[in-house]
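Number of protein chains: 2
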Amino acid sequence: MARNRPPKQQRPKALPPKGFRDYFGPEVAERNAMLAQITEVYHRYGFDALESAAVETVEALGKFLPDVDRPNEGVFAWQDEDDAWMALRYDLTAPLARVYAQFRNDLPSPYRRYAMGPVWRNEKPGPGRYRQFYQCDADTVGAPSVAADAEICMMLSDTLETVGIPRGDYIVRVNNRKVLNGVLEAMNVTDAAQQADVLRTIDKFDKVGEDGVRQLLGRGRLDASGAYIDGVGLSDDQAEPVLAFLTSKAADAAKTLANLRDAVGGSDTGLVGINELETIGDLMAAGGYGAKRVDIDPSVVRGLGYYTGPVYEAELTFEILDDKGRKRQFGSVAGGGRYDDLVKRFTGQAVPATGVSIGVDRLLAALREKGRMNSTAQGPVVVTVMDRNRLGDYQAMVAELRSAGIRAEMYMGNPKNFGNQLKYADKRESPVAVIEGGDEHANGVVQIKDLALGARLSAEIETAEEWKAQPAQMEIKRGDLVAEVRKMIARNAEQG
Amino acid sequence: MARNRPPKQQRPKALPPKGFRDYFGPEVAERNAMLAQITEVYHRYGFDALESAAVETVEALGKFLPDVDRPNEGVFAWQDEDDAWMALRYDLTAPLARVYAQFRNDLPSPYRRYAMGPVWRNEKPGPGRYRQFYQCDADTVGAPSVAADAEICMMLSDTLETVGIPRGDYIVRVNNRKVLNGVLEAMNVTDAAQQADVLRTIDKFDKVGEDGVRQLLGRGRLDASGAYIDGVGLSDDQAEPVLAFLTSKAADAAKTLANLRDAVGGSDTGLVGINELETIGDLMAAGGYGAKRVDIDPSVVRGLGYYTGPVYEAELTFEILDDKGRKRQFGSVAGGGRYDDLVKRFTGQAVPATGVSIGVDRLLAALREKGRMNSTAQGPVVVTVMDRNRLGDYQAMVAELRSAGIRAEMYMGNPKNFGNQLKYADKRESPVAVIEGGDEHANGVVQIKDLALGARLSAEIETAEEWKAQPAQMEIKRGDLVAEVRKMIARNAEQG
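Just so you know, the protein sequences line up as chains A and B, in that order.
Under the working numbering, residues 1 to 496 are what the first sequence spells out, in order.
Under the working numbering, residues 1 to 496 are what the second sequence spells out, in order.
It is worth saying that the hints were derived from the structure and are not from the lab.
Treat the hints with care, as some may be off.
Taking beta-carbon pairs under 10 Å as the criterion, some of the chain B residues facing chain A (in silico) [what the hints assert, rightly or not]:
{"hint": "1", "residue": "Phe76"}
{"hint": "2", "residue": "Phe346"}
{"hint": "3", "residue": "Ala396"}
A few chain B residues that face chain A, going by a derived Cβ cut-off under 8 Å, partial list only [what the hints assert, rightly or not]:
{"hint": "4", "residue": "Ala29"}
{"hint": "5", "residue": "Ala54"}
{"hint": "6", "residue": "Gly142"}
{"hint": "7", "residue": "Ser145"}
{"hint": "8", "residue": "Gly413"}
Where a beta carbon is used, it is the ideal one built from N, C-alpha and C, also for glycine.
Chain A on its own, in the form it takes in the complex:
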């Protein structure tokens, strides 16, 4: 039999490209529901939607990702028929810059816009790291005042509470790049390369703490792996203002600001930055956003290298267990800040902008962790097919149920094996199956079967009495179909 077998045809592999994935049913619905809630908040704040295409010219995107300096890496790009390079957007800020430059004479000024959608990164995928993921951004373009930064921090606070993170389980922390610039002035670090070294060191504050930063700013440090990391080579006196800056957080904002004034010495830039933080704090208080929701915190270092003014970050403060079972805080779900030359590449003019990006997938993960995702996943009522010559009768039942707003379907597979129909209903997490054989039809009745109860009963032996009190299957009048199915689903919801 094995002889003369025809050559096997090469079949395509049924797989997505490496680093891409599919989202099914409830995952899609949950994300859409969360994005709709965020949209509602952004809209209430006066932000307008913008949806640009997934594709931009490489020229318009710029050759650099905002936070890496490898030219033309990190994006999916290809050549047009005219040899022009096009690429998938890697974030939502670069398209905003192009759109604002293109339509600046028609758009209101300031322009508040939000955007939600996938972005693409041509990077090595890893566990939980995909090459397509959602971003959700809000930016205010053309507003020089830090009132715009304050507004975005308030909006971030409202957004988190709206999607289901309770007050007290998050904090929006605010810092300012200008204060750091003032610190560098006070340290008399003017060399650009040395400034960059200091910034890189500050970025490690979260990981190595105060002593670690002190060592790294000085002669260096032995890291956990035993390797020796060379330091920046500053004297202890020179390093002091940076450490004062990073550790200036005090019990209240007034004290924090006083500490910062010490840290920047007489630097004008630093004082401007501190006044901006003070203004932000005052606006927060005026809006009713206390320090439990939005707080001045100079230990926020993420993005300080990239942004030019206020920097903000939303952190979830409740604890979860990590992969190794250790408790840790959930951490950051959104971040942003002020970047004052959004469209300069296009127009030559600096236009101030400030904005935030929410990590949609991380925020969804947090909501699932908190059990705050009120899953609306409800399988359909399945009308089974006992007699394939009476599809019209079954179709009529389905149409009645649907018209009453009940999710329902007729079984569409081969109806021969009735067991397969119930297996299908189980797989769909169907709450109720409807059964009408010839006898029932003749008598004007149908059977309805409580599948959710059935599943509970088979899981919980001790509820055998309940089983008798609430039989999982009952006969009802055909005319009562909608009312009885609705009752059964409601009973399920109560007890489920």
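Using the hints, position chain B against chain A.
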């Protein structure tokens, strides 16, 4: 002065790639609202969401667009770092085939799924023809019965009514490729090339009508431009069944089916197809979907070449004026049918599938045409800045309004020129401006200005008396801000 000017730096052009466009504010909101309505219907019918990535391997996509036969054209493709080809999806069916083949052991069978999102075509753009556009699909995979086709036709009818196309303004028309195959058998046209010629000719029925098709099936025809189009070369007798098929639509379904039986003669395939149409008609009637909503219509020819069984199309029947001011029907907004080898490329097994694709942009255009898009576009209340030292006071007002669910913002531009603040409010289509100068602040009052009324008054001179009765600007107590702004917006909505 012109001498020694520094060389001008080359700036990137602020334009999207050719054939791509941006969507602003209300356009995005309207589309999202419509897609949410469609989602609700699809969900009620038991369909589950699927969101695959924008990118697939070229191997998985297949080298052909479904309805053209140019290899590898029409898609945006590029090579991965491993030299593997990837491409942007050109529709939502090819990814469904890949997903179903990949997960077929875990998915319920039959699998009902819907998908919504952008697709990309590397084709020459034209007026209203973009290289990225939305599709919105629903398919049932693994259901051989035409009950699945009937269900999709009912769902299409419900969807159109749900988004705002009234009954009577649309018709879902159903045809069947098998009937056409029966006609070809009856004509004794067995040669594949000649069959393709006949199909191509049938595709022109909408344009050239019965006589045109008769000529094109025979010796040929002089077209409107004066060019002579060669015919297929069939005799009049041979051509007759095709014409009988295309013109078999009668006053009721029974008569139409009888006409079709004549057209297919004794062909078994043809009779199977006619019985399928009859079953679909019976299921429609059982579900309460009369011929005014879903109708058997053998003159539907779009897609007959591609599909293998029932074919359906939703047409909007109300008239609009075309570019030249002539009345014409709005036309097709959705189409689909049965294609019975969805995953064969991947698995070697034929799996039956049937599904529909809604043209999202055309349906949106239709709703705008009908004035059915209840535009929720409402600009924000603008709290103006009279005194930049009291930003906190203005911020407090904005926060109060937002907490009450009113869309509101503080003016964020340079507050120096008050006229610019009102111009900004106009541009935002703001309903109300709030003004609080030093005197007002001292007296515990604010001014609120009805900008919508102001705009109406300046447009309609005759309402000068109304102007006095309803002054466009009024002084209110600071404590009444939310209540009075809400009243002003409501009055606007009534009179707007």
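* **Violating hint indices (sorted, rising)** => none
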